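Can you make the complete structure from the sequences, with help from the hints?
Chains as they are written, first to last, in this note's numbering: chain A, 1 to 170; chain B, 1 to 437.
All clues stand as given, with none of them false.
Far from chain B by the CB rule (all over 12 Å, computed), these chain A residues:
id: 1; residue: Ala9
id: 2; residue: Thr11
id: 3; residue: Leu112
id: 4; residue: Ile114
id: 5; residue: Gly115
id: 6; residue: Asp162
id: 7; residue: Ala168
Derived list of chain A stretches under chain B, where covered just means 3 residues or more per stretch with a C-beta under 8 Å from a C-beta of chain B:
id: 8; region: 29–41
id: 9; region: 63–74
id: 10; region: 84–96
What follows is a list of derived Cβ distance ranges for each label pair:
id: 11; chain 1: A; residue 1: Ala30; chain 2: B; residue 2: Ala375; range: 52 to 58 Å
id: 12; chain 1: B; residue 1: Ala375; chain 2: A; residue 2: Gln46; range: 52 to 58 Å
id: 13; chain 1: A; residue 1: Lys166; chain 2: B; residue 2: Phe73; range: 52 to 58 Å
id: 14; chain 1: B; residue 1: Gly315; chain 2: A; residue 2: Glu45; range: 47 to 53 Å
id: 15; chain 1: B; residue 1: Lys20; chain 2: A; residue 2: Lys170; range: 37 to 43 Å
id: 16; chain 1: B; residue 1: Asn387; chain 2: A; residue 2: Lys109; range: 33 to 39 Å
id: 17; chain 1: A; residue 1: Asp158; chain 2: B; residue 2: Gly44; range: 56 to 62 Å
id: 18; chain 1: A; residue 1: Ala159; chain 2: B; residue 2: Lys150; range: 39 to 45 Å
id: 19; chain 1: A; residue 1: Lys81; chain 2: B; residue 2: Lys142; range: 28 to 34 Å
id: 20; chain 1: A; residue 1: Thr80; chain 2: B; residue 2: Lys313; range: 44 to 50 Å
id: 21; chain 1: A; residue 1: Gly62; chain 2: B; residue 2: Gly151; range: 33 to 39 Å
id: 22; chain 1: A; residue 1: Gln167; chain 2: B; residue 2: Glu30; range: 35 to 41 Å
Hints in this document: simulated from the structure, not taken from any laboratory. All values derive from a computational prediction rather than experimental measurement. Just so you know, even glycine gets a beta-carbon here, dropped at the ideal spot from N, CA and C.
The residues making up each chain are set out below.
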Amino acid sequence: MTTEAPMKAPTIFSSELAARFDKLVALYPARRSALIPMLLYAQDEQGYVTDAAIEEIARRIGITPLDVRNVLSYYSLLRTKPVGKYHVQVCTNISCMLRGGQELFEHCKEHLGIGHKETTPDGVFSLEEVECIGACSWAPAVQVNYDFHDNLTADAMDAVLDQYRKQAGK
Amino acid sequence: MPTLVSHPEEVKIVSSRFGKGATDIERYIELDGYQAARTAVEKGADWVIAEMKTSGLRGRGGAGFPTGMKWSFVPKQSEKPKYVLVNGDESEPGTCKDHLIFLHDPHTVIEGTIIAGLAIGAKMGFIYLRGEYRYLLEIMEKAIADAYAKGFLGKGIFGSQIDFDIISHTGAGAYEVGEESALMESLEGKRGIPRIKPPFPAVVGLYGGPTVINNAETIATVPHVLRMGGEAYAKIGSERNGGTRLFCLSGHVERPGVYELPMGYNLKKMIYEIGGGIRGGRQLKAVVPGGSSTPVLLPNEIDIGMDFDQVGKAGSMLGSGGVVVLDETVCMVEFALRTIKFYQHESCGWCIPCREGTDWLKKTLTRFHAGAGVAKDIDNIRYLAENMLGRTFCPLGDAAAMPTIAFVKKFRQEFEDHLNGKPCAYAKQKMQESVLV
Chain A
1 MTTEAPMKAP TIFSSELAAR FDKLVALYPA RRSALIPMLL YAQDEQGYVT
51 DAAIEEIARR IGITPLDVRN VLSYYSLLRT KPVGKYHVQV CTNISCMLRG
101 GQELFEHCKE HLGIGHKETT PDGVFSLEEV ECIGACSWAP AVQVNYDFHD
151 NLTADAMDAV LDQYRKQAGK
Chain B
1 MPTLVSHPEE VKIVSSRFGK GATDIERYIE LDGYQAARTA VEKGADWVIA
51 EMKTSGLRGR GGAGFPTGMK WSFVPKQSEK PKYVLVNGDE SEPGTCKDHL
101 IFLHDPHTVI EGTIIAGLAI GAKMGFIYLR GEYRYLLEIM EKAIADAYAK
151 GFLGKGIFGS QIDFDIISHT GAGAYEVGEE SALMESLEGK RGIPRIKPPF
201 PAVVGLYGGP TVINNAETIA TVPHVLRMGG EAYAKIGSER NGGTRLFCLS
251 GHVERPGVYE LPMGYNLKKM IYEIGGGIRG GRQLKAVVPG GSSTPVLLPN
301 EIDIGMDFDQ VGKAGSMLGS GGVVVLDETV CMVEFALRTI KFYQHESCGW
351 CIPCREGTDW LKKTLTRFHA GAGVAKDIDN IRYLAENMLG RTFCPLGDAA
401 AMPTIAFVKK FRQEFEDHLN GKPCAYAKQK MQESVLV
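This is the structure we're talking about:
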């Protein structure tokens, strides 16, 4: 007798990510523990957490999409709307504030021509004022996507943004 | 890449492998790595707990609870599996020490987790990193895979009969999740809302099983304690405050950075000698000694030893080791506003005094700093904050209230200077000199 492989449910994610999710849900003592990492990894691949991603993640874990949304809305890194290719997150919390974080945020606004939680028309950059990112002794600090840039000045910030602009081919 | 600093007064224990390539497992082993875990496997749980108790190591997350005692509270027999949970959700403003530990010495976190697991009889440990630390999570994941390949994790660790697994886990942005019960909720895939205590995690924790939750720095210290011996470690620090800790100097010092100093090290000396004094030769105005939730200290209050007891006696807290230094150019009303803005943003909304209190404090301070303050606002700010104290399930409410009360109490004159539509005296100065050079 041959055992047939179980029918693979269709997925909206890349085969690598789908395989990673298969592993993740089985890793923890409870499937649901995989929820927050899955949402973040889905967002990394698709730019934001889409409705389809919520549906699929809910199905994979065995909870309702509403339950997924309830968790999603709590975490500040998770979003349900697209952002720029490079999401510029400027920390203005106390340690950064003391070393020019607020001015740096204003500088980024001016340089990019956008405000808090806005995206440039070409979709390359979006900007957000964020809370402490854990780079206090190297302030002021900025995170672009997951990359840290610290000990910044206005000029250094311009160089960082130019570098990303070049990467985007703009 | 965060810059590493050094000062001759430092006693490098937790930071001893920083900058030495210890993310590589072979290098880590060369630098005495995994010796402590091996010894712990041979000598057993009772020996580990006794050494930890002798060491006087107290939790580096901020509460300062003795680690050995915490571990001894976990029941020996349990129907449900026991767990170790490492708190790497480092989010307290002013704190960036775990960042360096994960970056430079991930294996010591793994080794400490193994030892904690052995001490309480757990077979599984979790290392929870804040979502922003993605590049550090990748370093941790690689280190864990390497430890499995060596047989230090998995079935029969170090050739013994003991099994131990570690899972690294990412958060997705939430300060509140740094509170231990909210951390467990988050790891279980829920909103990070605190649980009612009791029962305490040592009895009912993750998935209902007894759980030990330790800060990443505490866990990273554990292998060093066992290697040196509890007694030797205790001798380094001050009374009832064993060893060293990582102090994150930030703000207006000449040489900000993360420095490892003995517990009880003098705060004034830390700022003026280690940190090189106030930038540009300016005057010191205030110090936040242990992360943004700790009450501010005045220049005449900083001649104290930095340990849990001495800072407590000075009316503040040692907290998470984030020493934020403020010079004379800072408007304390604006600083208070920025602090409360953070707590308002991070309040999970579960307890009304915290949710409403932080919101009203932010609204009042925003209006006040903008020049629309009235005299009774000053007492109202303090009254609001005082009424949050002790009235919430988790310490976030207190974390927001305590610094606010201290700002009003210690800098009342500055609040009064903002009254009657007077513009902030510091704003003009700020306009004249850009800090971004």
